[in-house]
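Take each chain as given, in its own frame, and dock them per the hints.
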Amino acid sequence: MTSEDAHAHGHAITEWPADHFLGRASALKLGMWIFLLSDAFSFGGLLLSYGILRGGSTVWWHRGEPDLGINFTAGLTFLLICSSMTMVLAVAAAKEGDRKRMMTFLGFTILGGLLFLLGQYAEYWGLHEPGLLKRGLLFGQSARATTFYLITSFHGFHVFSGVVLMTVMLVRALRGKVSADAIESVGLFWHFVDLVWILVFTFVYLIPAEPG
Amino acid sequence: MMASAHSRKAYFQVFAALVVLTAAEIAVVYVPGIRRGLLVSALVLMAVAKAALVMVFFMHLGSETRAVKLGVILPFLLPAIYAFVLIGEAAWRFLS
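Chains A and B are the protein sequences, given in the same order. Quick note, this note's numbering runs 356 ahead of the 1-based positions in the first sequence. Quick note, this note's numbering runs 2 ahead of the 1-based positions in the second sequence.
Bound-form chain B, shown alone (with noise of 0.2 Å):
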């Protein structure tokens, strides 16, 4: 597989838009008196966006088959799952 210089050009997208969002992420821990849901939901899903750019484009995962890609993105949800049932209960448990 060759390594086009239209993938090099895709590379240096994607390397400035995690510039462009780790900007945005300490940016937004400045902005004044932004209320504090609001500030975690958005650092968390920039990062979320930025690990993603980092696994499809730089780890080449949007190229592999289906059965790789599933292999790989199944086992990562799983962390996510059970970290959205434990806080759930800490918030659970918080609340009442």
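Isolated chain A, as found in the complex (with noise of 0.2 Å):
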């Protein structure tokens, strides 16, 4: 949003004089920097157990239990990728004051993050194929169950509350209440999301494990 169309709506915007060490950066980026450290910690956490239960496991993937399925998953990275894509694009357009196209892009991200939470329904219960709860991968039956629907469920949370946060500013947008800086701080949130999701698919989905 420019500072005219800022004024226009009884909005005056803040020019912060550059900080010797932060630079530009807003109270609200640090601020969502920091919480996103230790949301860093909280996934590092979810995946050193993970690595450790598995690295000592005698046998990881028990008899019977169904295979995660790479490609489905391969689809899901794709469209979350695809929606950093379109976050750093509204970014943009919110930084250039051009509020339409911001919304634009922010309207393809939310759907992108719809998209990823219905595919991550039709993993767990099924859609058209029965899903890996009804396929024998049951929550505290062993490890590798465990530890999938924690890590993954944890991560969905995420994409949830990012949808949550990125509609809210859809609305204010509708309003004209939304300055490029809150933009910005809920696009750091989208793309560590994405982030985290490169490291899950890495470690959960892509090591290939032998039936036990």
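Everything labelled a hint here was simulated from the structure, so no lab data went into it. Please note that a few of the clues may not be correct.
[What the hints assert, rightly or not] Label pairs and their calculated CB-CB ranges:
{"no.": "1", "chain 1": "A", "residue 1": "G482", "chain 2": "B", "residue 2": "V22", "range": "48 to 58 Å"}
{"no.": "2", "chain 1": "B", "residue 1": "S9", "chain 2": "A", "residue 2": "P564", "range": "34 to 44 Å"}
{"no.": "3", "chain 1": "A", "residue 1": "R491", "chain 2": "B", "residue 2": "V31", "range": "19 to 29 Å"}
{"no.": "4", "chain 1": "B", "residue 1": "A85", "chain 2": "A", "residue 2": "A374", "range": "34 to 44 Å"}
{"no.": "5", "chain 1": "A", "residue 1": "G412", "chain 2": "B", "residue 2": "L79", "range": "16 to 26 Å"}
{"no.": "6", "chain 1": "B", "residue 1": "A85", "chain 2": "A", "residue 2": "E566", "range": "17 to 27 Å"}
[To be verified] Rough simulated footprint, nothing fancy, chain B against chain A, three-plus residues with beta-carbon under 8 Å:
{"no.": "7", "segment": "376 to 387"}
{"no.": "8", "segment": "408 to 422"}
{"no.": "9", "segment": "542 to 556"}
This one's a predicted model, so the numbers in the text were calculated from it and none came from an experiment. Positions of the beta carbon are idealized from the N, C-alpha and C atoms, including for glycine.
Okay, structure coming up:
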């Protein structure tokens, strides 16, 4: 949003002087980075426990448990990368004060997030084919099953939170009450969700296991 | 700060790199008879490269000040060190 645009909507943009250490990074953005670091430690803890449990197990994939399937989740990965791309274009448009374009790209990003959640629903519960729960991957049954559900659902909750945050931003933009700074911070969160999925995809899905 | 056509081009290049790396990750899993150590190292390296691309270009960490860069990257290294120590310890127990 340009400053003229902002003034027209009764909002003053505070132009902070460049800080010696932090440059022009706003308090909102720095706050988001601090939150993301703490969130990274949560995911780090989950992935570390996953690695230790998997590395220390004699049989990781128990007989009767289903394959996780790389191809479907590769599609989900592609979806998240695309939504990161539309998010970065939304942030660029917001910085240029192009509200309509920002809202269009934000809308596409929300759509990407919703499709991801739908994909995860299909993976767990199944849509046209039975999901992992019906095919015998049950929470609490094995370390493989429990860590799978814990890590992917914690990530899914982040996708859901991102969709909610972006929807709030879209509604505020419709009413002309959103700053480029806020869009950039939500963008940081969304890219982080993508970044974590990149790691989850590698550790949980791609590194192959043999059925015991 | 204005996002120029130049930075949009960079975004598309990063996007293309992420798609190509994802395709390479899937391809390497299907390489017949690949050694497990090689496969896992390749997968982890490609994932770290993708994560770094997202952080530096999409999250604009590359254009922040040095203090902000270090403030983010140094804490990110802590779990990596922790993982290295724990995995090293597990490997040592396994081998001895």
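Each hint tested on the structure:
In this structure, G482(A) and V22(B) break the distance hint of 48 to 58 Å, their C-beta atoms being roughly 31 Å apart. Here the CB-CB span from S9(B) to P564(A) is close to 38 Å, well matched to the stated 34 to 44 Å. About 21 Å separates the C-beta atoms of R491(A) and V31(B), a value consistent with the hinted range of 19 to 29 Å. Between A85(B) and A374(A) the beta carbons are some 37 Å apart, a value that agrees with the proposed interval 34 to 44 Å.
For the pair G412(A) and L79(B), the beta carbons lie near 24 Å from each other, so the given range of 16 to 26 Å is met. With their beta carbons about 23 Å apart, A85(B) and E566(A) fall inside the hinted range of 17 to 27 Å. Proximity of the segment 376 to 387 of chain A to chain B, defined as three or more residues with a beta carbon under 8 Å from a beta carbon of that chain, is established by the 6 residues found. Under a criterion of three residues with beta carbons nearer than 8 Å to beta carbons of chain B, the stated coverage of the segment 408 to 422 of chain A is upheld, 3 such residues being counted.
As drawn, the segment 542 to 556 of chain A meets chain B at 8 residues by the rule of a beta-carbon pair under 8 Å; at three or more, the given contact holds.
In summary, the one numbered hint that this structure violates is 1.
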